[in-house]
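Protein chains in written order, with the numbering used here: chain E, 40 to 253; chain B, 116 to 380.
Read the hints as simulated data drawn from the structure, not as lab findings. No incorrect hints appear here.
Lysine to any residue pairs mimicking SDA-like chemistry, simulated, CA-CA at most 25 angstroms apart:
hint: 1; chain 1: E; residue 1: 165; chain 2: B; residue 2: 223
hint: 2; chain 1: E; residue 1: 165; chain 2: B; residue 2: 247
hint: 3; chain 1: E; residue 1: 169; chain 2: B; residue 2: 246
A few chain E residues that don't get close to chain B, going by computed Cβ distances all over 10 angstroms:
hint: 4; residue: 49
hint: 5; residue: 108
hint: 6; residue: 118
hint: 7; residue: 195
hint: 8; residue: 199
Residues on chain E that point at chain B, a partial pick, calculated with CB under 10 angstroms:
hint: 9; residue: 150
hint: 10; residue: 246
hint: 11; residue: 249
Please read these numbers as outputs of a predicted model, since none were measured by experiment. No residue lacks a Cβ here, since even glycine has one placed at the ideal position from N, Cα and C.
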Amino acid sequence: MNAAFELAVDPETWRLFGVSNQSLIIGFFISALVGVVSGILISRFKWLERALDPWLDFLLVIPIAMIMPFVILTMGFSLTSRCLIVCLFTFPIIVINTRAGLRQVSTELIDMAQVFGANERNIWTKILVKSAAPMIWSGLRAGLARAISGMVLSELLLVSVGIGSLFQLFQGEFNPEKTFGLVALLIAESLFLLKALALLERRTIPWFYADRDK
Amino acid sequence: MIKISNAHKTFVKPATRKTPERKVEVLNGIDLDIQENEFITIVGPSGCGKTTLLRAIAGLVKLDSGSIVAAGETVAGPSPDRAMVFQSFALMPWANVIRNVAFGLEIRGVDKEEREQTARDLIKTVGLAGFENSLPSELSGGMKQRVGLARALAVNPRILLMDEPFGGLDEQTKRLMQEELLRLWEAQRKTVVFVTHSLDEAILLADRCILMAARPGRITEVLDIPLGRPRTREAERTSTYIDLKEKIWDHLRTAQIQELAEKAN
Chain E
40 MNAAFELAVD
50 PETWRLFGVS
60 NQSLIIGFFI
70 SALVGVVSGI
80 LISRFKWLER
90 ALDPWLDFLL
100 VIPIAMIMPF
110 VILTMGFSLT
120 SRCLIVCLFT
130 FPIIVINTRA
140 GLRQVSTELI
150 DMAQVFGANE
160 RNIWTKILVK
170 SAAPMIWSGL
180 RAGLARAISG
190 MVLSELLLVS
200 VGIGSLFQLF
210 QGEFNPEKTF
220 GLVALLIAES
230 LFLLKALALL
240 ERRTIPWFYA
250 DRDK
Chain B
116 MIKISNAHKT
126 FVKPATRKTP
136 ERKVEVLNGI
146 DLDIQENEFI
156 TIVGPSGCGK
166 TTLLRAIAGL
176 VKLDSGSIVA
186 AGETVAGPSP
196 DRAMVFQSFA
206 LMPWANVIRN
216 VAFGLEIRGV
226 DKEEREQTAR
236 DLIKTVGLAG
246 FENSLPSELS
256 GGMKQRVGLA
266 RALAVNPRIL
276 LMDEPFGGLD
286 EQTKRLMQEE
296 LLRLWEAQRK
306 TVVFVTHSLD
316 EAILLADRCI
326 LMAARPGRIT
336 EVLDIPLGRP
346 RTREAERTST
356 YIDLKEKIWD
366 HLRTAQIQEL
376 AEKAN
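Bound-form chain E, shown alone (with noise of 0.2 angstroms):
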């Protein structure tokens, strides 16, 4: 607790966590994007479902660890290529919770939209969408958890320009509280993350909590 509490305080960890977390952000906000659009798209064009399904599943069950030296051979030791892992590790989780969600949406709503004589746009912005924001949310959720492993595993395995870094000094020290230290911080952080943005689910979709808080 010691060693956390001392790099806690050291400007220079912060700086390494700063260069270690571009990849997180970065990765994080793309893969949320183009994550949930997608999602929306396969859900919408059944077609392209049916076209991008197994390489949805192909994104889920590949041991990304395995793939990294390709992604390095072919990007190098760069910023895109750590976030293009991030990306690996969170896109598919948030694509396929999207469509979960757009599948559950009660038919009855849907009913209801059209005979108010709602046309297919009104119907995605003001039914669908909304009825699947927190089967989404919970993807950005899981989506954020993965991309902490993934920026911590492209650091050890890859380009260790932060965190990375920091870790293999200490191992090659020899010094286990500093390691740990790192480790504690880095899941302070993590928990951090996840509950700033469990905040903003609760701002965006209050009404999902509003029977449950009772």
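Given chain E, work out where chain B should sit, using these hints.
Using the frame of chain E, we list chain B on its own:
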């Protein structure tokens, strides 16, 4: 107001590994004329096509053949002249009462202030004043259906379609809602088509009661309900009412027993 001519609809249930393809004739040559401001109830055993008929009038179900003309136009899809009240309310859980009631107006592009004013007025009419900002999850079943009713009335339709609207409510709420609906209809007459499986509802509310039978879904009898208007629950104690109830029950009972016999074979 509504003219249904020779309406046919068959649902095809695709074959599965265990069962062969099955065709269910839910509407088989339905003919029905409904007058302006008439209150029609439809009763029949499950699977007789009463809900499908209602959905066809709404424009949610396309007929295989035959036609429906409602408020002067041939039904090809939903129209502002026809609004619907749903059995399980179909409220948007993320929207408060006002926004739910104003939904039809929102879709029509009525501006926010105007549609919320209309919504507030109707919320008062259906007795929900004070709950304007509540979410559906904070309301009881009866209150939810009041929202459903207000939403349908908000678009000021000429035809009101109601699909077992009180079917999911407990007995005392149901009775209260029936009385409120009678009161509302007296004050603001509309053509109403009301699907129900409650005998009392079918008689108490209606000018005419349509009896349907299943396999194939068809109209077997049209009963005039010669009870006076404005009508109250007093009507339930008249001999006309009791005879009608007996008659409808006879019909349903036969259908029900037939269904059991068919299933047993």
